[in-house]
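Peer 1: If you want the building blocks of each chain, they are given just below.
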Amino acid sequence: MSTEKIKNSLKTGSDKDGYFGEYGGIAAGENLMNNLEELKKAFEAAIKDKKFLDEFAYYCKHWIGRPSPIYFAERITNKIGGAKIYFKQEHLNHTGSHKPTNTLFQVLLAKRMGKKKIICESGAGQHWSAAAATAAKFGMPIVGVMGKIDCARVNQNLIKAKHYGGKLKIVEGSLREAITAAIKEWSNNPDYYYLIGSTCSSSPFVDIVRYAQSIIGKEMREQFMELEGKLPNEIIACAGAGSNFTGSIFEFLDEPEIKKVVVEAEETAALTNGTKGIQQGMVTKFLQSDDGSKSLGGSSLGAGIMYYGISPQLAHLKDIGAIEASTANDKELLETYKLVAQNEGIGISFEPAAAVTEALKRAKGKPKDYIICATACGRVEKDLDVIERLIGKDFE
Amino acid sequence: MIAYFVACYPNFEKSLEIIKKSIDAGVNICEIGFPTQEASGEGIIIKNAHDHCLQRNVTLKDTIKLAKAVRNYNNDVGIILMGYMSNIFKYPIKNFVSDLASVDADGCLVVDAPHELREENELRNLMNKKNLSLIKLVAPTTKEERLKKLSNLFSGWVYSLNFSGISGSKSANLEDVKNMIKKIKTYTDLPVCSGFGIKTPGDAKKMTQTGCDGVIVGSSIVEYIGKNLNDTKLPKNVGNIIKTFVEELR
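Which chain is which? The protein sequence lines are A and B, in order.
In case it helps, the working numbering puts the first sequence at residues 141 to 536.
In case it helps, the working numbering puts the second sequence at residues 987 to 1236.
Since the hints were derived computationally from the structure, they do not count as laboratory data.
All residues carry an ideal CB built from backbone N, CA and C; glycine is no exception.
Be careful, since some hints might not be right.
[What the hints assert, rightly or not] Among the chain A residues that face chain B by a calculated CB cut under 7 Å, a handful are:
| # | residue |
| --- | --- |
| 1 | Ala-167 |
| 2 | Asn-171 |
| 3 | Thr-320 |
| 4 | Ile-323 |
| 5 | Ser-327 |
| 6 | Asn-328 |
| 7 | Asp-331 |
| 8 | Gln-419 |
| 9 | Asp-431 |
| 10 | Lys-434 |
| 11 | Ser-466 |
[What the hints assert, rightly or not] Cβ pair distances, simulated, as ranges:
| # | chain 1 | residue 1 | chain 2 | residue 2 | range |
| --- | --- | --- | --- | --- | --- |
| 12 | A | Asn-329 | B | Tyr-1210 | 26 to 34 Å |
| 13 | A | Ala-292 | B | Lys-1080 | 38 to 46 Å |
| 14 | A | Ala-292 | B | Glu-1108 | 39 to 47 Å |
| 15 | B | Asn-1060 | A | Asp-430 | 30 to 38 Å |
| 16 | B | Lys-1129 | A | Glu-162 | 24 to 32 Å |
| 17 | A | Gly-313 | B | Thr-1186 | 30 to 38 Å |
| 18 | A | Glu-368 | B | Lys-1156 | 57 to 65 Å |
| 19 | A | Asp-525 | B | Lys-1135 | 46 to 54 Å |
| 20 | B | Lys-1129 | A | Gly-313 | 32 to 40 Å |
| 21 | A | Gly-205 | B | Lys-1192 | 56 to 64 Å |
| 22 | A | Pro-281 | B | Asn-1214 | 36 to 44 Å |
With the rest of the complex left out, here is chain B (with noise of 0.2 Å):
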């Protein structure tokens, strides 16, 4: 099960309190967002998330603070942070990398860095060179000829997405999802994840049908989080919704 977080919402405290109670539920991998105001792929919910954030001043180097208190946590918990390029292109590439290795997170996912984009190629090069992983997705609209040459990146393990559009908007077709996940997989050992339009712990559970080796859960947690701001028991309420999914998972 990976979860998606994102970085500081609605605070520091918070936000590190969250992650800890899913780890605690069974999270294997955690997924943390970093703010930015463009979020090309991000549907409203994770876009108000951002937006929040945002209004409160949280950078790139605060969610690097967040995955060291999170690795501090747990030594084992698959850390990545995932976002877009500019703020990385602005931290710059080079020490967002090292900072990354630095705080012994496990890689990183840039929604809008194709590797036809040369600082994509600048940033996996030097994550390579620290033995962190660069995840790279891919869409129903991606095309054999081009899955073929994904494939050669691949590391860590492979972002397949459940439909083409952005986050939080469609449900996935669990047959369209089934027969992408065994093309992806003609072309990798990898771990394949599925994401996008998982919402319950029902269709966590469908999704394991699909031959898939994880399944990503976003926009619902993070829509949960943005109804209970407020609420002190907000932490243990995330555990406990991850603890459903990870039971449908078992």
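Only chain A is shown next, with the shape it has when bound in the complex (with noise of 0.2 Å):
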């Protein structure tokens, strides 16, 4: 389909200011204005460099695994009766999530710029372990920032990461208080790439995120294509600021006919609960006091999805009603890991659990011809220590 000939396409990154709609900007300090102006003409140089795209193309199939498969959940299908439900098997990427795609094209653009150090955060240390193997494979020295409650519960991506030659800075709190300190570590050295790790913070790094993360929707439309030679009827994908959820709907923005739907943590979630202010650079959707000083929200097991805010083009979106947003508490999470466990024989994280169940409730009573999707975005391991805790008996 071609973008171009449709009228008031959504398949546009922001505006000339980095809004979408009334949110995005950029809300950051000055001393930083120079090197987003410098990336954003950066980053619009590079996607029309054919060169620059193939070598993308080529690790993104040969070092990364792509295009990760879709799969046919059939015993679950058959368990819930009703719609078909498929998984979008991102866990299978390299380094067992989504997000190696977007750190392998940022720090392919970070090299282009002639950048020597990166900076980057993370909350489930998905993103982390992503960067630091990508910055191993392209020879440049990184440094990580992470709250000190997520790294108690993702030991596996700090030692993947630590192996991988990254240096791991640790601060209180989870992910917002890590994006800000990383934020901080970049005022201090702007000559750094900062690698964000989702699609949040001041623009241009939403377009640029999405940019990468976008492939996810246009191999399931060919992947769909040729095993069913239809679309899916519903995309459900699990969002902390993002990343893994517009990746997987942006190909399909313009196709109002299939339904995009967002999970986020029932604790935290932003797109629902939240409402309008500016924080970690950018105007969009938060948990927060009514003075927008402090952060609100509680504490999920999904440590991906446990962000205060959303992605500004998501908080647009959901306005004009062309996606829909829903949660997932944490016993759901449990129960939904065990049933494809158990079931399928594929081990996901709490995130992507938190998609599945949504698919799982939107599917019983459907159609047998009616599709539905959910982004497997990550694998298990991270969450293994927490589920073997909580519910490990459950398996004996």
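Please dock the two separately framed chains into a single complex, following the hints provided.
Peer 2: Structure below.
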């Protein structure tokens, strides 16, 4: 489908000021403005450079292992009774999540810009391990920042990243604090490349991460046409800040007949319960106190979906009714993990368990030719200790 | 001499006393920071002070009240509120500007509000109408072309950042600062004040050789307050510290 021909296409990036409707923009300190401007120019030039895109495509295939397959979860489908449930198997990518596609794209961009060192933040450590792997592959030193709460529960990713040569700084808190600390690191070292992990913060980061991750939806289109001869009726993906969901649905934004459902952690559902504000470099919806001085929200088992804000593009798309938002709680995440492991022999992490939870609810009672695709954006390794502690006896 | 204070640190009364004593000691402009959780431009010293105030539920409204009390004490001192867009946006912007005008403050400085942000434009336009200054920052990373654009938006005075980074984290390089002040002054006739990395009266004295029209001292004052929270002589002692800065700047 050609984007150019569609009037009022939603498959565009942000406007000239970096906004999506009333959300987005640049809320950054003066000392970062030059960096953001430079980054925007470099990004716009890179995506017009065939050699750069070919290199990205080459490593997507040979280093990450893309395309990730789609998979018909037949036993679960039969158990639920209704729509056909598919998984987009992003957890089969190298490093075990959708994250390396973005880190590969941005490390190549950093190299193209002549940057010598990389800073990044991470929530669940999926971005951290992917970023460290990519930096090692291209011989660039990398510093990561993560919150203490997350570090305590995703040890596997920390070990992997350490082996890839990444140096980790640990701060109090979780993803929110990690982003703030990483931005501070970047302020102190403006010659570094800031490798953000999701579709959040100031423009042009939201567009850059979306560009890299939208490969997920493009692959889905080809794969569904080949396997089913038609596109799915619904696409469901989880979101912390939103890179996995945005990547899954961007390709289909001009096809309103395909439902797009984003699932947040019930405890930190900024799209459902947040209010408009300006924090973390952007205008978007946040769970925040009335006066904007404090963040709100509880704790979720899914470290990667425990974020008190949301991509400004998703805030806009929800406002105009182009996407729907839902939530999943810890109990559901655990039940869904168990169901998928026991029936499909696939160990998904807590985050995609949120998406699959929603898929199960929506599949029930639907016609048999109705297709729901849930993006399985992470594998379970990082969560195994927590699962074993909470419900390990269920499997005995 | 411009001094930065965190509003209501350690509490409303003591904070007001500290500012009064600082005015007595010769501070020309009081920069009163309103606390916020993120404070992405602040180093650990100011961040800790913000957290102290947030735990005691200090809001932007309290900061406005403090500004009013400061104005009641002294008619001539400059009063600038300083902070982040989050609180102003939620206040919301329109009410913030009218409250700022009603307490007779001179303006505000918003760390994370570049002119590319639409909400900054809204704030700046409303402030202009009330003759309030939205103080703009220039950083060492600000390119000439951008400085030219910024110079059309300057109001009141210009905050020149001595280094690229968060507050209280590095020291200023005199030669770099000199060049930067010179560069800024080719684009504006407004006073250019130098901030970041000025920790001692000696640092302040050195800064006077750079051609700047004023210096901003923040982290070192906040740090002193933080270390002496329960000292009954705290306001008087802060006043004495300010005096040592002011004397070097004469």
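Peer 1: It remains to establish, for every hint, whether it holds in the given structure.
Peer 2: Going down the list of hints, with the structure as the test:
At its closest, the beta carbon of Ala-167 (chain A) sits 5 Å from a beta carbon of chain B; the interface hint therefore holds under the 7 Å criterion. Here the hint on Asn-171 (chain A) is kept, as its CB sits about 4 Å from the closest CB of chain B, short of 7 Å. Annotation: Thr-320 (chain A) was flagged as interfacial toward chain B, and the flag holds, the nearest CB pair being 5 Å apart, inside 7 Å. Hint status for Ile-323 (chain A): holds, given a least beta-carbon distance of 5 Å to chain B, under 7 Å.
Interface restraint check: Ser-327 (chain A) against chain B, minimum CB-CB distance 5 Å, threshold 7 Å, status holds. Because the smallest distance between the Cβ of Asn-328 (chain A) and any Cβ of chain B comes to about 4 Å, under 7 Å, the interface hint for this residue holds. Contact between Asp-331 (chain A) and chain B, as hinted, is not supported at the beta carbon level, the nearest pair being about 9 Å apart and thus beyond 7 Å. Hint on Gln-419 (chain A) holds. Least Cβ distance to chain B is approximately 5 Å, under the 7 Å limit.
With a cut of 7 Å, the hint placing Asp-431 (chain A) at the interface with chain B holds, because the nearest CB-to-CB distance is about 5 Å. Interface restraint check: Lys-434 (chain A) against chain B, minimum CB-CB distance 5 Å, threshold 7 Å, status holds. Because the smallest distance between the Cβ of Ser-466 (chain A) and any Cβ of chain B comes to about 27 Å, over 7 Å, the interface hint for this residue is violated. Checking the proposed 26 to 34 Å range against Asn-329 (chain A) and Tyr-1210 (chain B) shows it holds: the Cβ atoms sit about 28 Å from each other.
The hinted window of 38 to 46 Å between Ala-292 (chain A) and Lys-1080 (chain B) holds, with their beta carbons roughly 44 Å apart. One distance hint, 39 to 47 Å for the beta-carbon pair Ala-292 (chain A) and Glu-1108 (chain B), holds here, with the actual separation near 42 Å. At about 32 Å, the beta-carbon gap between Asn-1060 (chain B) and Asp-430 (chain A) stays in the expected band of 30 to 38 Å. As the Cβ distance of Lys-1129 (chain B) to Glu-162 (chain A) is approximately 29 Å, the hint placing it in 24 to 32 Å holds.
Taking 30 to 38 Å as the suggested C-beta distance range, the pair Gly-313 (chain A) and Thr-1186 (chain B) conforms, at roughly 33 Å. Between Glu-368 (chain A) and Lys-1156 (chain B) the CB atoms are about 59 Å apart, so this pair conforms to the stated range of 57 to 65 Å. For the hinted restraint 46 to 54 Å between Asp-525 (chain A) and Lys-1135 (chain B), the CB-CB distance of approximately 53 Å keeps it satisfied. The hinted range of 32 to 40 Å is satisfied by Lys-1129 (chain B) and Gly-313 (chain A), whose Cβ atoms lie roughly 34 Å apart.
The supplied range of 56 to 64 Å is met by Gly-205 (chain A) and Lys-1192 (chain B), whose beta-carbon atoms lie about 58 Å from each other. One distance hint, 36 to 44 Å for the beta-carbon pair Pro-281 (chain A) and Asn-1214 (chain B), holds here, with the actual separation near 41 Å.
The structure shown violates the earlier hints numbered 7, 11.
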